[in-house]
Amino acid sequence: MIEGARWRRWVYFYIPLAVFVFVLLFPFYWMMVTTVRPDNELYRPWMAPNYTPFWTLHPTLEHIKFLLGETLFSTWMLNTLLISIAATIISLFCGLLAGYALSRLKFPFAGGLGTGIFITYLVPQTLLFIPLADIIRSFKLGDTPWALILTYPTFLIPFCTWLLMGYFKAIPKELEECARIDGATRWRAMIYIIFPIAVPGILSAGIFAFTLSWNEFIYALVFLSSPAEKTVPVGVTSELIRGDVFFWGPLMAGALLGSIPVAMIYSFFVEYYVAGLTGSVKG
Amino acid sequence: MARVLIRNLNKFYDKDVHAVQDVNLEIRDKEFLVLVGPSGCGKTTTLRMVAGLESITSGQVLIGDTVVNDLPPMDRDIAMVFQNYALYPHMSVHDNMAFGLKMRGMERAEIAKRVQEAADILGIGELLKRKPRQLSGGQRQRVALGRAIVRHPQVFLFDEPLSNLDAKLRVQMRVELKKLHRRLNTTAIYVTHDQVEAMTLGDRVVVMRGGLVQQVGEPLELYNAPVNRFVAGFLGSPAMNFAGVRVSDAGGGLRAQRNGLGIDIPPEVTPRLQRYRDNEVTLGIRPEDLQLANGSDAPGLCFDAVVEVVERLGAETVLDLQVGDQTMVAAVEPTVRAKPGDKLRIAMRPERLHFFDKSSEAAI
Amino acid sequence: MAVTSYPVSEAYAGGPRRGAFTRLLEDERWLALVLLLPTTLLLAIFIAYPFEKGIELSVTDSKVGVPGVFVGLSNFVALMDDSIFRTAVWNTFYYTIVTTIFKLALGLWLALLLNRHFRGKAVTRAFVLLPFIIPTVLSTFAWKWMFDPTFSVINWTLFRVGLIHGRINWLSDPDLAMVSVIIVNIWRGVPFYAISLLAGLQTINPELQEAAAIDGARPWQRFWHVTWPLLLPVTMVVVLFSIIQTFADFQLVYVLTSGGPANSTQLFATYAYQIGVGTGLLSQGAAISLAMFPILLIVVIVQLLYIRRVETH
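Heads up: the protein sequence lines correspond to chains A, B and C, in order.
Just so we're aligned, residue 1 is where the first sequence starts under this note's numbering, counting upward by one.
Just so we're aligned, residue 1001 is where the second sequence starts under this note's numbering, counting upward by one.
Just so we're aligned, residue 2001 is where the third sequence starts under this note's numbering, counting upward by one.
Source of the hints: derived by calculation from the structure; they are not laboratory data.
Some hints here could point you the wrong way.
[Said to hold, decoys possible] Partial selection, computed: residues in chain B whose CB lies under 10 Å from chain A: (1) P1038; (2) G1040; (3) L1053; (4) P1072; (5) M1080; (6) Q1083; (7) A1086; (8) Y1088; (9) H1090; (10) M1103; (11) A1144; (12) R1147; (13) P1153.
Backbone N, C-alpha and C fix where the C-beta goes; we use that ideal spot for every residue, glycine too.
Bound-form chain A, shown alone (with noise of 0.2 Å):
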């Protein structure tokens, strides 16, 4: 609580704060702004007279245009979008019925296991992707969305387990028991029962993990090596660029339409994303 006076609010509030929304959006409107601006403004160097760095007055979707019809940035996006699907289905699939047994059921080894998800969750895709890549080789996976379908849950169940232990964890063992009572296998129980109570959870949980696959990028990087194969960060890095050359224009409006579908989904669900990111740290 700041209390006094007026210009204090000013001086130690509204002016920070429009400082941070302001460095960290920039970014973005910059990519807007240059995936309209045509060539010959994009180009001009920087200490051209009549530079108007901040908008332009002649739109052009020409960007866009060449990107969608001259490169095979929506094989990306398509691509992406199967990959990412498949990885949360699997994850969450995984991550439910861990997220179950490690937070309802009593059996040998359950706090050993536990910290084991956990720590898996902690080993960095940099530390095994190397050795990783041999395996998808001899597992003949190479250069299929496969291999990454099958690589993403390792860093998605963890998160996803552990999220869902919090949702399951704040659900009583009365409705267990009386399901039981009812009637109901410990199986059945869990399905008809814990998990309808645990939807906002699960939703939480694919939300964030697609979100992870669509950010993933090394394992794309190694595993993927045809150009109608790639997602779309690896796609717009290695496709949109000739040698030295950078072609901004596509290169932003790859960066602006990829960023789309993640956006998309943040803006619908925002709290249930909020509820990922802080059940993962409170966890």
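Following the hints, put chains B and C in place on chain A, whose structure we already have.
Only chains B and C this time, still in chain A's reference frame:
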């Protein structure tokens, strides 16, 4: 035949905690049996073992003639009402009640019929489409009961179902439960820590403490002839008065003496107390058995007391009395006029005296 | 009363016959096994196995297409002599420590700002999280474009305002490159810190602050003595995740500088990529990756112990 037999039932937690010790009970067909005792006495654990929610360390539980030790809860043909109602929050009242029947593969039409039946009995017909969060505590309680009733089980199990209700509602529901049981005519095992519920609801009452059964019997039997000090003090409100007294010879009979409290032991009791001559025993007398002395009371059973606190409840007046070096509670007629500081002469009813061994606490 | 006689089940003859599998799943332990099987399998094949393989690789001399022979720890020894590797180690530590400090400070500040009530709070909070949501590679490209030597909008602004007279080579100057990379990392990480810490702040009972204020504590004192200690558990978890991610970071540097210029931004991950995938020296690449592990392990253990100690307080 839906009687429940509990034979030598034991439950150990982690090898050292002996939560339930050698419990032997027979609950007769259609009987309403109450398990009562302070928290931690093992009553809930026993109930849960009958339900199949806790594993049995040793002993047997039989429902009907079948040993159910290894049967999962769903196969024991029982229904349970939980303290927190445990209603499925994502389902409507109707679906809550229908769940068990659905799990057993009953047809839609039959399920609807049964649910309607139970709803009519409990008066929750208009609530069928609502979700639990839209119901009051009392309504939720009824839905929980309805869910149990539709199953037509062999045995009903109740785990402190009235504890979450406010006092007035609790009294109301108590009466309704009694009526319901008469109507349903099914065996029931009811767990509570409230001795009033035990006394009013049970056909028979089991008092438990520290994992052990203290006494089994009809409510009045336990009230009038408790087998030990614990049962005597647990049932009845205000609780029984206890005083450590010394038994000594007094001209042909025996006398029990304590600082400020000296009474002649009535002849009916004397034989039981003979071997305690010159020893200490615990005297027990219920507050309602202490009345203002009038001329017709035997002088040997009267004593003096000073009033400390007066509580007028309307139906009776409770007096906190200072007797010698200790406090006793008397529940007297509401017409008694007394104020703090008054000196009164109190009389005991001879047939209402209880004596307990000082060390074993068993009734003498 | 419609129900005159209440039907009770027939003489109870025991439960219905159940299949063996159903019986099995009624046992908590077997059910747990079945439920945990998919996860354990996936993690075993794609984490445990690669990890073990990684160790295997690092103690041989494999290259792409050429299986290697056992060479003991010579890869690691060679790394210690490798000046680029040593630079990468130093860079990674520097990068991690500097960014974490700034991310924590700025994230905390932002969290405190967002913790107050103002119009448009929810929208602001939603927008603030964007840098974290948008795929890193894509937003990093935006920064790369903003840093471009010829067309940088930052340079343009600074020049117009009169703060500089020549252009700043954000990414091509060896001294500045690390600064630029750090800036982008901080930009990306602040929202994560801010939102997580905000959640932590919101669990702190405001009455504690008010009581302290009544007791005469100034804002800074209130923060230090009341808020900060209660925020510590959440902070430690956030810092733990962040340190691990930053230490093993790849995407950001790969896009911005690929480790250059002159290895001034080379990190463990980028160097491992360069050696293992770029040059095809699998074993050495694996060794570089694995060299991260002991440090990460220590960080994790230290923080977990600290968290446990703070939580049991």
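To see whether the hints hold, each was checked on the structure:
no., hint, in the structure
1, P1038, "22 Å, violated"
2, G1040, "19 Å, violated"
3, L1053, "5 Å, holds"
4, P1072, "7 Å, holds"
5, M1080, "5 Å, holds"
6, Q1083, "8 Å, holds"
7, A1086, "4 Å, holds"
8, Y1088, "6 Å, holds"
9, H1090, "5 Å, holds"
10, M1103, "4 Å, holds"
11, A1144, "8 Å, holds"
12, R1147, "7 Å, holds"
13, P1153, "9 Å, holds"
Hint check: violations occur at hints 1, 2; the rest are consistent with the structure.
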